[in-house]
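Protein chains: 2
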Amino acid sequence: MENLQNDLLLRMVNGESTERYPVWLMRQAGRILPEYRAVRSKLSGFIELVTTPELAAEVTIQPVDLLGVDAAIIFSDILVIPEALGLDYEMIEKKGPFFPKTISSMEELNALDKEIDIQERLWYVIEAIKITKRELNGRVPLIGFAGAPWTIFCYMTEGQGSKTFSKAKRLLYADPEFSHALLSKITDATITYLKAQIAAGANIVQLFDSWAGILSPSMYSEFGTKYVSKICDAINEAPVTVFAKGAYYARKELANLNCETIGIDWNMDVKESRELIGPNKTIQGNLDPCALYGSFQTIEEKTKNMLNSFANQRHIANLGHGVYPDINPEKVKCFIETVKGFEKN
Amino acid sequence: MENLQNDLLLRMVNGESTERYPVWLMRQAGRILPEYRAVRSKLSGFIELVTTPELAAEVTIQPVDLLGVDAAIIFSDILVIPEALGLDYEMIEKKGPFFPKTISSMEELNALDKEIDIQERLWYVIEAIKITKRELNGRVPLIGFAGAPWTIFCYMTEGQGSKTFSKAKRLLYADPEFSHALLSKITDATITYLKAQIAAGANIVQLFDSWAGILSPSMYSEFGTKYVSKICDAINEAPVTVFAKGAYYARKELANLNCETIGIDWNMDVKESRELIGPNKTIQGNLDPCALYGSFQTIEEKTKNMLNSFANQRHIANLGHGVYPDINPEKVKCFIETVKGFEKN
Numbered sequence: 001m002e003n004l005q006n007d008l009l010l011r012m013v014n015g016e017s018t019e020r021y022p023v024w025l026m027r028q029a030g031r032i033l034p035e036y037r038a039v040r041s042k043l044s045g046f047i048e049l050v051t052t053p054e055l056a057a058e059v060t061i062q063p064v065d066l067l068g069v070d071a072a073i074i075f076s077d078i079l080v081i082p083e084a085l086g087l088d089y090e091m092i093e094k095k096g097p098f099f100p101k102t103i104s105s106m107e108e109l110n111a112l113d114k115e116i117d118i119q120e121r122l123w124y125v126i127e128a129i130k131i132t133k134r135e136l137n138g139r140v141p142l143i144g145f146a147g148a149p150w151t152i153f154c155y156m157t158e159g160q161g162s163k164t165f166s167k168a169k170r171l172l173y174a175d176p177e178f179s180h181a182l183l184s185k186i187t188d189a190t191i192t193y194l195k196a197q198i199a200a201g202a203n204i205v206q207l208f209d210s211w212a213g214i215l216s217p218s219m220y221s222e223f224g225t226k227y228v229s230k231i232c233d234a235i236n237e238a239p240v241t242v243f244a245k246g247a248y249y250a251r252k253e254l255a256n257l258n259c260e261t262i263g264i265d266w267n268m269d270v271k272e273s274r275e276l277i278g279p280n281k282t283i284q285g286n287l288d289p290c291a292l293y294g295s296f297q298t299i300e301e302k303t304k305n306m307l308n309s310f311a312n313q314r315h316i317a318n319l320g321h322g323v324y325p326d327i328n329p330e331k332v333k334c335f336i337e338t339v340k341g342f343e344k345n
Numbered sequence: 001m002e003n004l005q006n007d008l009l010l011r012m013v014n015g016e017s018t019e020r021y022p023v024w025l026m027r028q029a030g031r032i033l034p035e036y037r038a039v040r041s042k043l044s045g046f047i048e049l050v051t052t053p054e055l056a057a058e059v060t061i062q063p064v065d066l067l068g069v070d071a072a073i074i075f076s077d078i079l080v081i082p083e084a085l086g087l088d089y090e091m092i093e094k095k096g097p098f099f100p101k102t103i104s105s106m107e108e109l110n111a112l113d114k115e116i117d118i119q120e121r122l123w124y125v126i127e128a129i130k131i132t133k134r135e136l137n138g139r140v141p142l143i144g145f146a147g148a149p150w151t152i153f154c155y156m157t158e159g160q161g162s163k164t165f166s167k168a169k170r171l172l173y174a175d176p177e178f179s180h181a182l183l184s185k186i187t188d189a190t191i192t193y194l195k196a197q198i199a200a201g202a203n204i205v206q207l208f209d210s211w212a213g214i215l216s217p218s219m220y221s222e223f224g225t226k227y228v229s230k231i232c233d234a235i236n237e238a239p240v241t242v243f244a245k246g247a248y249y250a251r252k253e254l255a256n257l258n259c260e261t262i263g264i265d266w267n268m269d270v271k272e273s274r275e276l277i278g279p280n281k282t283i284q285g286n287l288d289p290c291a292l293y294g295s296f297q298t299i300e301e302k303t304k305n306m307l308n309s310f311a312n313q314r315h316i317a318n319l320g321h322g323v324y325p326d327i328n329p330e331k332v333k334c335f336i337e338t339v340k341g342f343e344k345n
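For the protein sequence lines, the chains are A and B, in the order given. Just so we're aligned, residue 1 is where the first sequence starts under the working numbering, counting upward by one. Just so we're aligned, residue 1 is where the second sequence starts under the working numbering, counting upward by one.
It is possible that some hints are incorrect.
In this list, chains with the same sequence are indistinguishable; a pair is considered to hold if it fits within one copy or across any two.
Simulated pairs of lysine-lysine, DSS-like, Cα-Cα distance not exceeding 30 Å [unchecked claim]:
#, residue 1, residue 2
1, K195, K271
2, K230, K331
3, K163, K94
4, K42, K167
5, K344, K95
6, K344, K331
7, K340, K230
8, K226, K271
9, K101, K195
10, K333, K167
11, K42, K271
12, K167, K331
13, K271, K304
14, K94, K271
15, K271, K114
16, K340, K94
17, K230, K271
18, K114, K167
19, K94, K167
20, K304, K163
21, K101, K331
22, K42, K195
23, K331, K271
24, K42, K226
Simulated from the structure, these hints should not be mistaken for lab results.
So here's chain A without its partners, still in its complex pose:
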């Protein structure tokens, strides 16, 4: 067993007693730091940072050193899975991801490589995890992650961000057979990938279902939770966190997943979420990322409101979504310090 100096997050995830709530920030707290931008500015772009293990490890550790979070999350991207499956992507500055080639039929799905060694294709993530673990040297746990199958399906079929993801959703209604086949392929790859992350040293893994909120309850049950559930059942080597953004309607269903932690976004009321999810899971979240635009006093007040709503149960303090890149690092520190200074009764 690894000897962690700060194992607060893992104890909370496992339902053990803790002296205070652990705190970290989705997805990469580092993106707000000048030190991150310094590393980033020397490179051709985001993807070079993702695929260069030494640098990915460096920016993974920055928030631990500079902000004092209770966990690191490996610097990477959910879109490495589509790439490993044969769909290359570009990251366009101020616009987001773009896939020159998308997939929308059984023929195109069958044309993708059959035999893929996920670990080999994603060696750079595995290597980044190994370097990070070595350099963290037991200070805090490391979180690995992947996109949930529905969210990855969105990008593989839509090819880019979208307000409606209507091309992706269209396929669920118009071609459910293809949709299930692609979701299954993504699910299998994701299981292999997460197991490799854990083998390399990730202490816990999180599934990000960023586009869960655009589906109706019955569609998310059929095309979303079904595959998240398969992944949870397959991962027994480390605790799993499921963050299905916007899927407020699925909280009762998510409570039945074979996972330890459920992430909630800032739309979801903490008390109501606890009632729906029950006492046997850890809940992670959920301060509005925009609250960090407020004054120090406002941040402290809103953070304490959140902490009080935790009511001494199993909670990890976090934002309800990723930190926005233009947030002042001092404001993030205010959030973190408020959590650290808050005494559980």
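Since chain A is already given, all that's left is putting chain B on it; use the hints.
Relative to chain A, chain B alone:
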């Protein structure tokens, strides 16, 4: 009293008995029609259509003639209010609205015109309503509309569409005083505007709070519902519908509004919404717009599922959001005909 040949929508809104569920499609069913595109293609752009009353009336009536909906909704845009308040907008093809000038401080707010004659500045909408009423000649009711204050605030401060509207939300946390002042100004203008629409012939008015879903429950209560409530209280001349997209967490609060109808999006379960809202409001919605990409059989099945969930209570059949522009008109007809052929028990 006006003598309507088809008053199904108004009877449903008022809680009277009806032989079947009324049906229409948000926002402009006409946008899917070749006949709409024929009118549109002769013009310089969207805004010319909005500001030319004869043509706005023509495309307002097209879905009544060609699709057989139970109500017309005036062809216009929620952004005419910011324009009337002094912020011009452009509609950029495939991108959406853009405001060259935005507002983010008390100084900028005070610099806007104090005395504005909303009816005079928006004469073209009022005129379009009068022409539409004359040409509809009592066939179906006409729906007027406006954006809800929070949604209009989003555009006036952010200046364009956004995934996060973080500039707009930032102001709520960083400058609540300015935020309330701007929301109040929008609210007053909206009340005047809706009263003018009703005086010109609108039989019912709908508030679209398109960005309600990006606020936390407490922030929406403070900056959203508060102003929607003021509008509902001020409009006594016609029934009011409130559609707060994404504000699932506010359904109980919305049930207390002084309005007749609550719109729900496709994320919201019909049965749960009825429980939260209670029996004394009409509920409008909520088929997933993407369901219309399915086969005729799929559309019929999903529509009947929705109609069955209505359980013979006060419901208006609609989509859970606006119809997407690339939907086949025959698929829309299938949706409408399925509603019309469905017998309430």
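Each hint, compared with the structure:
1. Taking the closest pair of Cα atoms, K195 and K271 never come within 30 Å of each other, the shortest separation being 33 Å inside a single copy and 40 Å across copies.
2. Taking the shortest Cα distances, K230 and K331 never come within 30 Å of each other, neither inside one copy (39 Å) nor across copies (35 Å).
3. Proximity of K163 to K94 under the C-alpha cut-off of 30 Å is found in both arrangements, the shortest distances being 16 Å within a copy and 12 Å between copies.
4. With identical chains, the CA atoms of K42 and K167 are at most 30 Å apart between copies only, with a shortest distance of 29 Å across copies and 36 Å within one.
5. In this homomeric assembly, K344 and K95 never come within 30 Å of each other (Cα to Cα): the closest approach is 42 Å inside a single copy and 48 Å across copies.
6. For a Cα distance limit of 30 Å, the shortest separation of K344 from K331 inside one copy, 23 Å, qualifies, whereas the shortest one across copies, 56 Å, does not.
7. Proximity of K340 and K230 under a CA criterion of 30 Å is satisfied in neither setting, with 35 Å inside one chain copy and 41 Å between copies.
8. For the homomeric pair K226 and K271, the shortest alpha-carbon distances inside one copy (26 Å) and between copies (23 Å) are both at most 30 Å.
9. Only within a single protomer do K101 and K195 lie at most 30 Å apart by alpha-carbon distance; the minimum there is 28 Å, versus 51 Å between protomers.
10. In this assembly of identical chains, the alpha carbons of K333 and K167 lie at most 30 Å apart only when taken from different copies (21 Å versus 40 Å within one copy).
11. Proximity of K42 and K271 under a CA criterion of 30 Å is satisfied in neither setting, with 45 Å inside one chain copy and 55 Å between copies.
12. Within a single copy, K167 and K331 get their C-alpha atoms only as close as 38 Å, which misses the 30 Å cut-off; across copies the closest is 16 Å, which meets it.
13. Only within a single protomer do K271 and K304 lie at most 30 Å apart by alpha-carbon distance; the minimum there is 14 Å, versus 35 Å between protomers.
14. In this assembly of identical chains, K94 and K271 lie within 30 Å of each other by CA distance neither inside one copy nor across copies; the values are 36 Å within and 41 Å between.
15. Proximity of K271 to K114 under the C-alpha cut-off of 30 Å is found in neither arrangement, the shortest distances being 46 Å within a copy and 44 Å between copies.
16. Within a single copy, K340 and K94 get their C-alpha atoms no closer than 34 Å, and across copies no closer than 46 Å, so neither meets the 30 Å cut-off.
17. Within a single copy, K230 and K271 get their C-alpha atoms as close as 28 Å, and across copies as close as 29 Å, so both meet the 30 Å cut-off.
18. In this assembly of identical chains, the alpha carbons of K114 and K167 lie at most 30 Å apart only when taken from the same copy (25 Å versus 45 Å across copies).
19. Taking identical chains as interchangeable, the C-alpha atoms of K94 and K167 lie at most 30 Å apart whether they share a chain (22 Å) or sit on different chains (15 Å).
20. In the homo-oligomer, the alpha carbons of K304 and K163 lie at most 30 Å apart only across protomers (27 Å), although the nearest pairing inside one protomer, at 33 Å, exceeds that limit.
21. Taking CA atoms no more than 30 Å apart as the test, K101 paired with K331 passes between copies only; the shortest distance there is 29 Å, against 40 Å inside one copy.
22. With identical chains, the CA atoms of K42 and K195 are never at most 30 Å apart, being 32 Å at best within one copy and 59 Å at best between copies.
23. Proximity of K331 and K271 under a CA criterion of 30 Å is satisfied intra-copy only: 26 Å inside one chain copy versus 42 Å between copies.
24. For a Cα distance limit of 30 Å, the shortest separation of K42 from K226 qualifies neither inside one copy, at 42 Å, nor across copies, at 49 Å.
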